[in-house]
Amino acid sequence: MKTIKLLIVCMLATLSLTAQNKLQKETKSFKVNKDVTVNLNTSHTNILVDTWNKDYVEIEAYIESDKLSKEALQTVLNTWDLEINNTKSNVKITTKGSAGSWSSDMSIKILDEESLKAISNLPLEINESLEPLLENLGNLESLKNLPESLKVLRIPESPDGNYNVDFDLERYEKEGEKYLDAWSKKYRKEYGEEYEEEMREWAKSIKQSDFDKFERSMEVWGEQFGKDIEKAFEDGFGEKFEKRMEKWGEEFGKNFEKNVAPALEKWGEEFGKAFEAKMEETFGNSKANGVFDKDNKNYDLIKTIKIKMPKKAKLKLNVRHGELKLASVITNPDITVSHGNLFANTINGSNASINVLYSNATILNINEGALKLNYADKTKIKTAKDLVLNAVSSNIDIETLNGNSIIDGSFGDLYIRNIAHSFSNLNIVLENSDALLKLPTAINYNLYFKGNHSKFNKQRTNNTTIKHNPNGGDTTKTIVINAKYSNIVAE
Numbered sequence: 001m002k003t004i005k006l007l008i009v010c011m012l013a014t015l016s017l018t019a020q021n022k023l024q025k026e027t028k029s030f031k032v033n034k035d036v037t038v039n040l041n042t043s044h045t046n047i048l049v050d051t052w053n054k055d056y057v058e059i060e061a062y063i064e065s066d067k068l069s070k071e072a073l074q075t076v077l078n079t080w081d082l083e084i085n086n087t088k089s090n091v092k093i094t095t096k097g098s099a100g101s102w103s104s105d106m107s108i109k110i111l112d113e114e115s116l117k118a119i120s121n122l123p124l125e126i127n128e129s130l131e132p133l134l135e136n137l138g139n140l141e142s143l144k145n146l147p148e149s150l151k152v153l154r155i156p157e158s159p160d161g162n163y164n165v166d167f168d169l170e171r172y173e174k175e176g177e178k179y180l181d182a183w184s185k186k187y188r189k190e191y192g193e194e195y196e197e198e199m200r201e202w203a204k205s206i207k208q209s210d211f212d213k214f215e216r217s218m219e220v221w222g223e224q225f226g227k228d229i230e231k232a233f234e235d236g237f238g239e240k241f242e243k244r245m246e247k248w249g250e251e252f253g254k255n256f257e258k259n260v261a262p263a264l265e266k267w268g269e270e271f272g273k274a275f276e277a278k279m280e281e282t283f284g285n286s287k288a289n290g291v292f293d294k295d296n297k298n299y300d301l302i303k304t305i306k307i308k309m310p311k312k313a314k315l316k317l318n319v320r321h322g323e324l325k326l327a328s329v330i331t332n333p334d335i336t337v338s339h340g341n342l343f344a345n346t347i348n349g350s351n352a353s354i355n356v357l358y359s360n361a362t363i364l365n366i367n368e369g370a371l372k373l374n375y376a377d378k379t380k381i382k383t384a385k386d387l388v389l390n391a392v393s394s395n396i397d398i399e400t401l402n403g404n405s406i407i408d409g410s411f412g413d414l415y416i417r418n419i420a421h422s423f424s425n426l427n428i429v430l431e432n433s434d435a436l437l438k439l440p441t442a443i444n445y446n447l448y449f450k451g452n453h454s455k456f457n458k459q460r461t462n463n464t465t466i467k468h469n470p471n472g473g474d475t476t477k478t479i480v481i482n483a484k485y486s487n488i489v490a491e
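My numbering applies: residue 1 is where the sequence shown begins, and numbers increase by one.
Fair warning: there could be bad hints in the mix.
Dumping the calculated DMTMM-like pairs for lysine to aspartate or glutamate here, alpha-carbon to alpha-carbon at most 25 Å [what the hints assert, rightly or not]: (1) Lys382 x Asp413; (2) Lys92 x Glu26; (3) Lys382 x Glu399; (4) Lys54 x Asp81; (5) Lys186 x Glu201.
With beta-carbon atoms standing in for the labels, derived distance ranges [stated by the list, open to error]: (6) Glu64 x Asn452: 50 to 60 Å; (7) Asp81 x Thr464: 12 to 22 Å; (8) Gly403 x Glu170: 48 to 58 Å; (9) Ala370 x Glu60: 28 to 38 Å; (10) Thr464 x Trp202: 35 to 45 Å; (11) Lys88 x Tyr448: 50 to 60 Å; (12) Lys380 x Asp50: 20 to 30 Å; (13) Asn345 x Asp181: 30 to 40 Å; (14) Glu58 x Asn452: 53 to 63 Å.
Quick caveat, the hints were computed from the structure, so don't treat them as lab data.
For every residue, glycine included, the Cβ atom is placed at its ideal position computed from N, Cα and C.
Assemble the whole structure, with the sequences as input and the hints as a guide.
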């Protein structure tokens with residue numbers, strides 16, 4: 001019953017706020033040196049950086065929403081703390097905190113609060129008309145016993161009431177803290193450090209006997225549930241329910257137009273006004289936590305800063321809870337992106353430093369430079385040359401690798417689809433990881449594998465050497481792989 005009512009609440013709230021609005025926060029343009037340093041430190045804001053053949057920096061900052069009214073959006077704009085300071089040699093852009101953001105935490109909190117109020121005020125006609133839909137479904141004894149079956153594992157309840165656990169006891173017993181660190185990251189990312197610590201303590205306390213007891217409990221419950229359903233239909237529940245629903249449908253259709261629709265329309269208008277007023281009140285005082293959720297999908301508003309700068313400008317970025325797009329070639333940038341997304345066209349320079357934390361990254365071209373990944377679920381690189389890559393609990397997909405590259409990774413997946421014929425040397429160090437390498441076919445190279453509790457091409461081995469010489473003669477091209485508790489497929 002509550003589910004149906006909540007859906008109605010969400011629909012009405014959505015219908016009451018549909019117009020697309022955009023408000024400008026700042027537009028600036030100023031003359032700078034060609035090698036100006038552009039320094040950004042932002043939170044809960046999308047950043048778009050482009051370069052041009054001008055000795056000017058141009059900045060545009062705005063917010064937009066297809067859910068909030070213009071008045072509510074103006075309130076957010078007024079609370080957006082944006083600072084722009086500039087000289088000819090340095091431009092600094094800072095956003096402080098996230099006041100005025102429409103966050104996941106905030107939207108859930110407000111909607112839940114308003115929904116509960118709305119449910120209590122739903123027209124009596126709706127309550128009476130929907131009652132037959134779910135009547136008798138809660139009478140199955142096995143459904144009442146399900147929570148008791150789940151308690152066997154003693155899993156700590158998450159802040160949102162879910163029990164989402166994928167724990168490999170065998171790997172934990174084998175790898176210890178290293179597995180625990182990689183496994184618990186998702187709980188820190190979704191619910192914070194406190195809940196992560198609860199889950200770590202739970203993992204340390206769980207035993208195989210607990211899992212065995214849980215399986216037996218669920219088997220017993222499943223059998224009983226099946227018997228309850230079968231008995232319910234034998235007792236005529238299915239036939240009775242079908243007849244009752246047919247009768248209910250006819251009566252509901254007649255009653256809806258006459259009584260339900262007018263009452264619901266009036267209630268919806270009142271709820272829409274109250275909901276918007278609540279948002280405006282909250283926006284003026286909120287210190288919410290962000291624009292994006294864990295998949296970086298925007299909720300009800302987006303803050304954006306667009307920057308155009310000279311091609312030789314130096315770029316320093318610290319972007320938190322936002323999306324960073326580098327639309328053109330950037331040389332030797334110093335970039336940190338956390339809890340967001342990185343999209344880059346081309347990154348050049350041996351002094352380039354890219355640090356990605358709890359974010360996804362897509363890079364078309366990276367030539368030299370260092371890329372550091374921490375808990376980056378999806379990292380895709382089209383072409384990489386002379387790359388130094390360090391990854392922890394991250395998954396990497398490289399389409400083409402060239403030059404001299406070093407890859408050091410743990411607790412993740414590595415996929416190299418193509419090693420260019422012009423590559424020189426590749427050094428890979430992996431721990432608790434899986435890797436798939438597509439080896440070159442038409443050139444000479446030597447491959448050396450050293451493993452510790454690892455497999456190479458599905459065979460457990462400590463050492464393997466492959467001398468690939470289709471053209472005869474010697475070669476200086478080498479691929480060196482050191483693996484610990486990892487599986488490597490190279491073909």
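Problem - Distance restraint between Lys54 and Asp81, which requires alpha-carbon spacing of 25 Å or less - result: violated (29 Å)
Practice task
Go ahead and decide if the range 30 to 40 Å is satisfied by the Cβ distance of Asn345 to Asp181.
Solution key: Distance hint for Asn345, Asp181 holds at roughly 34 Å.
Exercise for the section: May I ask you to test the hint 53 to 63 Å on the CB atoms belonging to Glu58 and Asn452? Expected result: holds (54 Å)
Problem - Given hint Glu399 paired with Lys382 - CA-CA distance at most 25 Å - result: holds (5 Å)
Practice task
Using the beta carbons of Lys380 and Asp50, state whether their distance is inside 20 to 30 Å or not.
Solution key: holds (21 Å)
Handout entry: Pairwise beta carbon distance, Asp81 to Thr464, judged against the given window 12 to 22 Å
Key = Hint violated: Cβ distance 58 Å, outside 12 to 22 Å.
Handout entry: Holds or violated: Lys186 to Glu201, with C-alpha atoms at most 25 Å apart
Key = Answer holds: Lys186 to Glu201 is near 15 Å, not above 25 Å.
Problem - Given pair status - Asp413, Lys382, alpha carbons within 25 Å - result: The given pair, whose Cα atoms are some 16 Å apart, holds under the 25 Å limit.
Problem - Hinted pair Lys92 and Glu26, Cα distance within 25 Å - result: Holds, at about 14 Å.
Practice task
Indicate whether the distance between the beta carbons of Thr464 and Trp202 respects the range 35 to 45 Å.
Solution key: Holds - the Cβ-Cβ distance for Thr464 and Trp202, about 40 Å, lies within 35 to 45 Å.
Problem - Verdict for Glu64, Asn452 (Cβ pair) under range 50 to 60 Å - result: Given a distance of about 53 Å, which is inside 50 to 60 Å, the answer is holds.
Handout entry: Assessment of proposed distance window 48 to 58 Å (beta carbons of Gly403, Glu170)
Key = violated (40 Å)
Hints 4, 7, 8, counting from the list given before, are not met by this structure.
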